[in-house]
Amino acid sequence: MKIGTTIAASLFTIMIAALITVFVVRSLMPAQENSYDIVVVVKAMSPDMEFWQIVRAGIDTAAREFGVEPRVTGPWLERDIADQMRILSEIIDERPDGVILAASDYEALAPLADRVVAAGIALVTIDSAVASDAAASFVATDNLRAGERAGEAMAAVLPEGSTVAIVSHIEEVATSIDREYGALRGLARRGNYNFLGTYFSENTLELAYAHAERLMNEHPDLGGIIGLNETSTVGVARAVRDAGKASQVRVVGFDHSQEEIAFLEQDVIQALIVQKPFNMGYVSLRTMIDVLEGRAVEQFIDTGSELVTRENMYDPVFQQLLFPFFDPAR
Amino acid sequence: MMSERDSPGRRRSPLLPRIGGIQASITAALSMMVLITILFMSVASYNVTRRVLVDTAQEYTAQLVTQLRASMDSYIANMKSIAEVIHRDSNVRRYVSEAEPGADVRESVFSLLNSVSQTRDDISLLMVAGTTGAPVFHDDGLRMNPAVTLEQQRWYRSAANAGGEPVITPAQVQNIIADRYRWVISLSRTMAGGVLLVDLNFTIIEDLLASVQLGNRGYVFVVSETGALVYHPQQQLIFSNLRDERIAEVMAIGRGSFTAGYGPDEQIYTVAHSESTGWKVVGVNYVEELLADARDVLVLYVLFGFLCFVLVVLLSQLLTVRISYPIRRLRESMKAVEQGNFDIQVDVRGGAEVVDLSRDFNIMIGEIKSLMRQNSARQAEMRQSELKALQNQITPHFVYNTLDSIIWMAEGREYERVITMTSALARLLRLSISQGNELIPVSAELEHVENYLTIQRMRYSPEKVDFHIEADPAILRLKTLRIVLQPLVENAIYHGLRTKDQGGHIVVRVFRESDTLVCEVTDDGVGMPVDIARSLLNGDAAASRLKEATAGRARSGRSGESSGVGVRNVHERIRLYYGEAYGLSFESELGCGTTVIVRQPVLEKGLEST
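For the protein sequence lines, the chains are D and B, in the order given. With my numbering, letter number 159 in the first sequence gets 159, and the count goes up by one each step, no holes. With my numbering, letter number 188 in the second sequence gets 188, and the count goes up by one each step, no holes.
Worth flagging that the hints you see were computed from the coordinates, not collected in a lab. By construction, the Cβ of each residue, glycine as well, lies at the ideal position given by its N, Cα and C atoms. Honestly, I wouldn't trust all of these hints.
[What the hints assert, rightly or not] A few chain B positions that, by computed beta-carbon distances, are all more than 10 angstroms from chain D:
no., residue
1, S117
2, M144
3, P146
4, I253
5, A260
6, G263
7, V302
8, L303
9, V348
10, N401
11, L403
12, H468
13, S588
14, E589
[Claimed, not checked] Heads up, simulated SDA-like pairs for lysine to any residue below, C-alpha to C-alpha not over 25 angstroms straight-line:
no., chain 1, residue 1, chain 2, residue 2
15, D, K245, B, V148
16, D, K245, B, T149
17, D, K245, D, R214
18, B, K335, B, N362
19, B, K80, B, P146
20, D, K245, D, L207
21, B, K80, B, T131
22, B, K500, B, M409
23, D, K245, D, T204
24, B, K80, B, D140
25, D, K245, B, M144
26, D, K245, B, P146
Construct the entire structure; sequences and hints are all you get.
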């Protein structure tokens with residue numbers, strides 16, 4: 001054996017040892033797997049929008065648990081649809097790993113949602129659907145189920161045969177359609193009710209108030225009104241209270257603003273369907289990480305809703321839901 | 001001697017150290033040692049580091065939760081002392097006990113509550129309520145929530161059941177103030193038909209707990225004595241069953257710490273218990289996060305192990321060169337010896353053992369060399385003596401026979417012939433007994449055979465033995481082995497002519513055939529079978545049978561015997577002297593005679609003496 005071959009053999013051995021070393025060291029090093037760039041586009045950034053603040057709190061909790069640092073952005077208010085579209089298209093150009101989107105419009109955001117996925121970015125939608133099936137998963141309250149709960153809650157406080165009306169927010173919005181359909185189904189399941197129709201508040205207190213006032217005037221036998229979102233519920237409740245018909249007209253609503261809670265305590269509102277925005281935020285980020293790591297996710301994930309009444313509102317389980325720690329107004 | 005492993009057909013890969021070779025052995029041994037050491041050290045140190053890190057974290061967490069517990073206790077103690085101050089105040093007593101307290105009493109209660117609340121910012125609400133009068137709050141701007149009554153409140157019912165003792169109600173939303181829903185910890189106490197309430201702002205506790213950092217994933221939570229969550233950063237997830245918390249285990253252990261979970265979710269729970277509230281403050285650490293440093297240590301060990309391995313390989317290479325290079329040189333020398341070169345002196349420098357080995361090798365080579373020299377000398381001697389013996393074998397038979405003839409002739413008084421014969425014999429003997437060279441000129445050999453034939457012709461008769469010698473004068477000076485022709489001629493006479501009744505003719509021819517000196521002895525006698533002729537040369541068992549046959553034919557056992565020996569001697573001598581390529585050959589035909597051919601090399605000058 002020549003000296004040359006001996007050296008070659010040694011180098012060969014050292015090389016193999018180096019490879020093994022690199023392999024072992026890499027397997028020992030903590031995996032930097034979760035350094036994903038994730039952007040969350042919410043409907044409203046304003047701190048007054050408690051719902052989105054709580055969604056963000058849920059996202060933050062998940063971010064800490066999974067070791068990611070998502071960016072949260074969005075228009076100031078929910079109605080700034082054009083703003084949200086502009087923000088989203090800017091984000092597409094940044095090519096993040098994943099986008100969590102709460103679409104402020106069912107139709108307008110659909111092409112952008114397609115573009116997100118076309119750009120190779122993982123997409124998870126939350127809260128409100130878009131007219132696209134591009135998203136890997138849709139994390140939201142099951143609005144059909146929530147609507148059913150509202151209908152059933154109304155039926156529980158209203159004798160059969162009574163007259164019921166619905167005040168919804170915006171026509172042709174997915175949440176509105178689902179909740180309305182669910183509410184009617186919930187009512188029908190419990191008995192025969194005389195349904196007056198659905199009226200749209202266009203997300204203004206004034207219009208909701210006006211609808212309720214007019215309905216009470218035109219239909220003295222009106223037994224109950226179901227408000228399908230916070231604004232509609234508050235508008236209806238105010239009208240009922242102002243008309244002094246709290247004992248006559250039952251109100252079932254959605255969400256849990258402080259005013260709604262006060263109405264619930266005062267027995268103006270009989271039941272509130274409360275969504276779980278914290279869970280929505282938490283689950284959406286967890287789902288996004290599942291998508292990015294190639295795990296199978298469900299097309300639709302229901303984050304659930306709770307029926308809160310005057311009796312159970314101070315149960316520990318619901319206190320957290322109604323009065324989250326993260327309430328900036330507190 | 002080539003070992004099979006080195007044969008070209010099974011060449012090993014040049015990249016791999018030879019299995020069983022010195023380097024492979026040294027590398028394997030050293031690597032094994034280093035690897036075992038590193039493995040042992042790294043596992044041991046990882047365990048030590050792990051234990052130290054876990055212990056440190058546990059100790060730190062224990063201190064932390066104890067401190068948190070103490071802070072919370074101090075808040076509670078503070079609430080209690082505030083309640084005590086209010087409880088002792090005479091105006092408060094009057095306000096709650098009197099059926100219709102005056103406005104001045106109410107005013108002094110208010111100013112007390114207000115001034116107490118000014119001293120601390122952690123107080124959310126102070127309230128004194130009598131049996132009949134409206135409750136007094138610390139702030140005049142607060143109104144009672146019209147939708148609720150005090151009696152509905154959990155803290156109110158707890159106080160009523162406690163019979164005058166202060167009661168702590170864990171975190172809850174206080175809703176007795178209109179349009180205000182705050183998370184508070186309530187201290188309530190009944191007194192003389194009324195109740196007093198101290199609400200601690202829970203935000204303070206929450207901020208305290210939420211600000212605690214136990215790594216990235218670690219957290220702190222608080223459970224009440226019934227196991228209900230007072231505070232948990234992920235309370236909502238737990239209520240929604242998206243997350244579990246090990247509350248049962250926390251309640252079971254009471255205080256101290258325990259480990260739960262497995263792999264990346266392995267957690268250390270550290271529990272502190274508050275005597276004053278019955279609450280437990282629990283710190284949760286993730287072991288994986290704690291062990292980041294331990295892993296760094298392990299990585300360091302692996303890198304260190306690699307470095308050691310490289311050193312081992314280099315070191316073993318150095319050792320190999322030092323050990324195997326001299327051995328290789330020694331082996332090369334041995335190969336040269338194998339191929340017959342004994343004039344080698346190995347001068348190998350290296351380890352003491354190798355130097356000894358090479359010295360012994362040199363001694364051995366010297367020994368072999370001298371043995372070989374002795375051996376060849378002895379062989380030469382043996383050959384010499386053998387040759388002499390062979391030559392000496394010829395003369396006695398013939399001398400006896402010739403002298404016999406001379407006596408015969410002397411008895412017949414044929415003095416002329418006696419003189420001729422005797423002088424021929426004398427010349428013959430002189431040539432035979434002359435010492436010195438084995439090689440003589442062809443001319444001398446021819447003279448010798450002529451003398452012999454002369455004697456033989458006289459012994460028999462000129463008719464019976466006629467001879468003729470032919471030789472090219474150019475070859476008379478060439479050298480031939482001496483006394484080659486005489487035995488052949490003798491053989492021709494005894495086997496070819498003597499038994500032939502009418503006598504015969506012998507022709508001796510000497511000529512050169514390129515590099516070969518050829519002598520032919522031809523007779524026209526009875527001839528002999530080829531196998532007998534061949535066995536004449538071999539001198540084995542067949543030859544002895546031949547001897548008997550020849551003896552029978554010759555009717556003279558003695559002379560027949562002698563002639564066979566003579567021919568064989570010539571053949572063997574030539575072959576001994578010149579090698580297997582030379583010697584005698586026969587051409588014979590029964591009834592027509594025999595030709596014996598002698599081949600010898602034509603010797604160049606200087607090669608003659610061997």
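Quick rundown of the hints versus the structure:
Look at S117/B: its CB is around 18 angstroms from the nearest CB on chain D, clear of 10 angstroms, so calling it non-interface holds up. For M144/B, the non-interface assignment is confirmed: its Cβ lies about 12 angstroms from the closest Cβ of chain D, beyond the 10 angstroms cut-off. Under the 10 angstroms C-beta cut-off, the non-interface status given to P146/B relative to chain D is violated; the minimum distance is some 7 angstroms. At roughly 23 angstroms from the closest C-beta of chain D, the C-beta of I253/B stays outside 10 angstroms, upholding its exclusion from the interface.
Chain D leaves A260/B outside its interface by the beta-carbon criterion, the shortest separation being 16 angstroms against a cut-off of 10 angstroms. Annotated as non-interface, G263/B keeps its C-beta farther than 10 angstroms from every C-beta of chain D; the closest such distance is 13 angstroms. Against the 10 angstroms criterion, V302/B falls within the reach of chain D, whose nearest CB is about 5 angstroms from its own CB. Look at L303/B: its CB is around 7 angstroms from the nearest CB on chain D, not clear of 10 angstroms, so calling it non-interface is violated.
With a least beta-carbon separation of about 16 angstroms from chain D, V348/B lies farther than 10 angstroms from that chain, consistent with its non-interface assignment. Distance check for N401/B against chain D: the nearest CB is about 75 angstroms away, which clears 10 angstroms, and the non-interface claim stands. With a least beta-carbon separation of about 79 angstroms from chain D, L403/B lies farther than 10 angstroms from that chain, consistent with its non-interface assignment. The Cβ of H468/B lies farther than 10 angstroms from every Cβ of chain D, with a closest approach of about 74 angstroms, so its non-interface assignment holds.
The Cβ of S588/B sits about 65 angstroms from the closest Cβ of chain D, beyond the 10 angstroms cut-off, so the non-interface label holds. Distance to chain D confirms E589/B as a non-interface residue, since its nearest Cβ pair spans about 69 angstroms, more than 10 angstroms. Taking the CA atoms of K245/D and V148/B, the gap is about 20 angstroms. The hint holds against a cut of 25 angstroms. Only pairs whose Cα atoms come within 25 angstroms are accepted, and K245/D paired with T149/B is accepted, the gap being roughly 23 angstroms.
About 13 angstroms separates the Cα atoms of K245/D and R214/D, which keeps this hinted pair within 25 angstroms; it holds. Of the pairs offered as hints, the one joining K335/B and N362/B holds, with about 14 angstroms between alpha carbons and a cut-off of 25 angstroms not exceeded. Only pairs whose Cα atoms come within 25 angstroms are accepted, and K80/B paired with P146/B is rejected, the gap being roughly 28 angstroms. Proximity of K245/D to L207/D is assessed by CA-CA distance (about 19 angstroms); at most 25 angstroms being required, the pair is judged to hold.
In summary, the hint linking K80/B to T131/B is supported, as the alpha carbons are separated by about 22 angstroms, within the 25 angstroms threshold. Using a Cα cut-off of 25 angstroms, the hinted pair K500/B and M409/B holds, with the two alpha carbons roughly 23 angstroms apart. A distance of roughly 22 angstroms separates the Cα atoms of K245/D and T204/D; the hinted pair therefore holds under the 25 angstroms criterion. In summary, the hint linking K80/B to D140/B is supported, as the alpha carbons are separated by about 23 angstroms, within the 25 angstroms threshold.
Restraint check for K245/D and M144/B: the C-alpha separation of about 23 angstroms stays at or below 25 angstroms, so the hint holds. A threshold of 25 angstroms between alpha carbons decides the hint, and for K245/D with P146/B the separation of about 18 angstroms falls inside it, so the pair holds.
Hints 3, 7, 8 and 19 from the earlier list are contradicted by this structure; the remaining hints agree with it.
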